[in-house]
Every structure is written in C-alpha cells, then in structure tokens.
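Enquirer: First to last, the sequence lines map onto chains A and B. Under the working numbering, the first residue of the first sequence is numbered 1, with each subsequent residue one higher. Under the working numbering, the first residue of the second sequence is numbered 1, with each subsequent residue one higher.
Mixed in with the good hints, there may be bad ones.
As the list claims (entries may be wrong) - Chain B is faced by these chain A residues, among others (derived, beta-carbon under 8 Å): (1) V8; (2) W48; (3) I89; (4) Y92; (5) E95; (6) V96; (7) Y99; (8) P129; (9) I133; (10) T136; (11) K141; (12) G253; (13) P256; (14) R261.
What the hints contain is simulated information worked out from the structure, not anything from laboratory work. In this text, all values refer to a predicted model and were calculated from it rather than measured experimentally. Just so it is clear, CB atoms sit at the ideal spot from N, CA and C, and this is done for glycine as well.
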Amino acid sequence: MNWLSDNVNRLALLGAAAILIIVIGVAAKYFKQIKEGKSEGVLKEETWDGIGEYKNNSPIGWSLAFMGTIIWGAWYWLVGYPLNAYSQIGEYNEEVAAYNAKFESKWANPSKEDLLGMGEGVFLVQCSPCHGIDATGIEGKAQDLTHRLLKNEVLSVIQKGSGALGNPNGQFGYPLGMMPPGLLSGADAEAVAEYVANGFKGNDKGAQLFQSTCASCHGPDGRGQNGMAPNLREYDDAIIKHVLEHGKHGIIGHMPSFKGRLTPVQEKAVATYIRSLKEGA
Amino acid sequence: MFSWLERNPFFFAVGVFIVIAFAGLIEIVPDFAQQSRPVAGAKPYTLLQLAGRQVYIKESCNACHSQLIRPFKSETDRYGMYSLNGEYAYDRPFLWGSKRTGPDLHRVGNYRTSDWHANHFWDPPAIVPGSIMPAYRHLYKNVTDLETAYAEALTVKKVFNVPYDKDIDGDGKVDVPLGTFEQAKKQALQDALKVAEETKRKDLVDMVKQGKIPEVVALIAYLNRLK
Chain A
1 MNWLSDNVNR LALLGAAAIL IIVIGVAAKY FKQIKEGKSE GVLKEETWDG IGEYKNNSPI
61 GWSLAFMGTI IWGAWYWLVG YPLNAYSQIG EYNEEVAAYN AKFESKWANP SKEDLLGMGE
121 GVFLVQCSPC HGIDATGIEG KAQDLTHRLL KNEVLSVIQK GSGALGNPNG QFGYPLGMMP
181 PGLLSGADAE AVAEYVANGF KGNDKGAQLF QSTCASCHGP DGRGQNGMAP NLREYDDAII
241 KHVLEHGKHG IIGHMPSFKG RLTPVQEKAV ATYIRSLKEG A
Chain B
1 MFSWLERNPF FFAVGVFIVI AFAGLIEIVP DFAQQSRPVA GAKPYTLLQL AGRQVYIKES
61 CNACHSQLIR PFKSETDRYG MYSLNGEYAY DRPFLWGSKR TGPDLHRVGN YRTSDWHANH
121 FWDPPAIVPG SIMPAYRHLY KNVTDLETAY AEALTVKKVF NVPYDKDIDG DGKVDVPLGT
181 FEQAKKQALQ DALKVAEETK RKDLVDMVKQ GKIPEVVALI AYLNRLK
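Here chain A stands alone, though its shape is the one from the complex (with noise of 0.2 Å):
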C-alpha cells in the first residue's frame, strides 16, 4: 500500500469517502421525508389544477440579489447607458485620433531616409497597381515616373493647354491656374518638347523657344518658379502634392485624385521617393 503515503492522495481518498458518506444521508433524510414528513406550512389559497402552494419567505440572499437590480437597472437606464454608451465609430474616431497624433509627433521632422522607407511603402501599396513595383508605368498603362515628361505628353500640352490634362480650365491648381493651348505649333512645338523631355539638354532652337514662350510661367530653369507652375524638370514636392489632389486626365490615360488619402508627410514622402528612383539612374 504504498500510494497511501501521499498526503494528497489520503487526503483525496479521505474526501471522496465523505462526500459519499454526506450523499448517502442527505438521501436517506429526504426519502424519511417523503415517507413520513407532515406538511407544517400554511397554502396559499390559489391553486393551480388543483396544486397547491405553501406560503414562504423569499431567501434573503434572492431578495437583496433581486433589490440590487432593480437599483442597478435604475442607475444604468438613467445614468450608466446615457452617459457611456459604446459606439463603435466613436472607438474609431478616437483611435485615429491617437493615431494621427501619435504619426505627427513621430514624423515632425523626419530625415531623408525615414521619408525614402515611408515613401516606399506608400509607393507600393497605393501607387505600384498602376505605375508598376518599378515605377515605369507598366509599358504605357500609366506614368514612367522615373521619368519626367515624354515628348508626346508635352506636344500634346503646348496643343490642348490645361486640356491636355483633364480640365481647360486649370487642373492642378498651380497659383497660375490654366496653360492656355496653343502656344506654338509645327515644328517649333517639336523643337520645344524634345527638349522639355530631353531633360532641358542640347537644341539651341528649343532652349531659345522655351525661353521665350514657356519661362515666362514655368521660370527660366523650368522649375516652375517656386511653385507657381509645375516644375517641369522633376517631380518636386509640389507637383506630386497637386497630382494627387487632383488627378490627371492626360494622353496616357487617367490617374485617379488620391484627396484626402495621404498625409502631407506621406506624400512629401512618396515625392522623395519617386525623386530617388531619378537619382539612381
């Protein structure tokens, strides 16, 4: 009898012993009852299919269990559901709250590499369906954005003005607001936006014609004074930010406005981002 030993299991065997030994007695005190009991209460007079009820007091734990609802539900239908009922777009708004607190604090002032990995990321998600993982536009369906204007796309501006992009009367809500079309033709139209897509290089005939005709707006270096006109020779901050608030209708096809989707740092970042791919090449 070794396992007797053990305190737990003597102590175990000890308890299943009484719980048998109460059982048996509780048992048997009920069925003496049954047999012999004599009923000393007093019935109610209502009967039901002639089934009786004797008259008890309801048990004191139940009655102040039942007291305690009846002050509960008071407290809740006054006080506790009006005052803090949940709402799940309530939960919502407040995490983007802290969300967008807790982003701007991060991101106040965020380093160029911080906004080429943030920039990356948006990239991917929200811009690569259409511009491509690589960024060139998916062989035409969109934008070559490690590229900054093809030759056809200015032609097509210097022809339809702000047209050419979606809106004749200004599209992107540069300060200067519309490009007017037709501002040369034939083979000085050529001239110009062979030039314009070259990257501002070689073409005497087209560097003179864009001084004349387009510095005017888009300033002599055709960074577009500051923002007043889009930079023509990368994608500064400014044109990403007015693209993607606007959108663009051009030859290419239709970008879609991305208003409200991105913060500014995210799209300061993206710009950086899409600036990086330029760089490398």
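Dock chain B against chain A, hints included.
Expert: The following block gives chain B in isolation, referenced to the frame of chain A:
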C-alpha cells in the same frame, strides 16, 4: 386571468412572444427604419451599372471580394471611409461578402480607372505581380443581358419604389432615367460607349458601336460607380 392563459398554450405562446418581441420592436425597428434609408444623395443604379452588378454576381466575384469597409483605421487607410448602412439601400441583394481573398471593393471607383480594370481583368498578374485573381477574358466577348437588367430595374421601381425617373436631389432634373426598354437601352449604349472609350480597347469600342455591350464594360461601369 393568468390561470386561463396557462390552460391555453397557444395564447400563452402568443403572450410570451409579445413580451419578448416588445423590447425589440421599440428599440430595433425605429432605428433600423431610419438607418436603412438611402444616404443623402444616393442614386439607384443605372441600367448599365445594374447589368454589371448582375455580371459581378454571376461570376461570383463576391466569393473573393467583400464590399464592406469596417470602421478600423487599418481599413479606412487602405480603402477610404467606412461603409454606412444607407449606402446599400439600392443593393438587392447586398454583396457584403464574407471572405477577402482579394481586397475590398466598396470604394474601388475612387482609386481604379476604366483602363486599369480593362487591363486587369484581361491579365491580372501582368498588372499586379503575383496576383492569384483569375483572368476574365470571356467577359470581353460575352454580350451583356440588358433585358434581365431592365426587368430587375422595372421590378424594383414598381415594387420597392426605387426612385427611377425621379428628381432625387431636387435640382429639377430626373436623376436616373429608366423609361421604356428602348429608351433605357439607348441610354445604356451611350454610357457603355463612354466606358469603352476610357478602356482604350478598340475591340470593346467596336462592339458597343455595333449595339452589343461586352459584359466587361458593364462590369467596369458598375465598379466605377462603387465610391
């Protein structure tokens, strides 16, 4: 009185039902009636969009795509504003879906365009590397069933009072015309031509010009409307 109820199980059951249903009736029904109203400015589907919706159902796009943006930041960041009840007022049946093998589509009209869809349905992996969405090239040949779509539109107009041929926003113009089948078909062909031109695919434009709307055009019209 109650002993009488206890002897009549049927009326007892009715009584129990009323007691239990009462709270629901006064709490759920008025709120539901309010929330399921169309959101301000919601318009019913045009015939072409409705036909596209039928293509969407027929092709079981809802097996892989949901149309319900939940109010979580991670979702609204990706898809836009969370969905509201009243936005589904004209959806019969709604296409919430329950599984996202692909992304949610409830606001896809905001960030994808006709030409994008046309390239994507033709060959998804060419546009989204690694995509497991099947190509739907048969939609470029199948002709849209406008009759069934018209029957659906007319039915919901008559039975559920869906506001076709009505001025919804109060600017004095009919917002979504339906009219007779001939009128509706003419309108659908016009809408389809616009979408087909946006896709930049000559085969689609040609088909529409011959009076046959390819199913993919109707489908794109429907997706563009999801905003």
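Enquirer: Please go over all the hints and tell whether each is borne out by the structure.
Expert: Against the structure, the hints come out as follows:
1. V8: Violated, because the Cβ-Cβ distance from A:V8 to chain B comes to roughly 50 Å (cut-off 8 Å).
2. W48: holds, 7 Å
3. I89: holds, 6 Å
4. Y92: holds, 4 Å
5. E95: holds, 5 Å
6. V96: Nearest chain B Cβ about 5 Å off; hint holds.
7. Y99: holds, 6 Å
8. P129: With a closest approach of 6 Å, the A:P129 hint holds.
9. I133: holds, 7 Å
10. T136: violated, 13 Å
11. K141: holds, 6 Å
12. G253: holds, 5 Å
13. P256: holds, 5 Å
14. R261: holds, 7 Å
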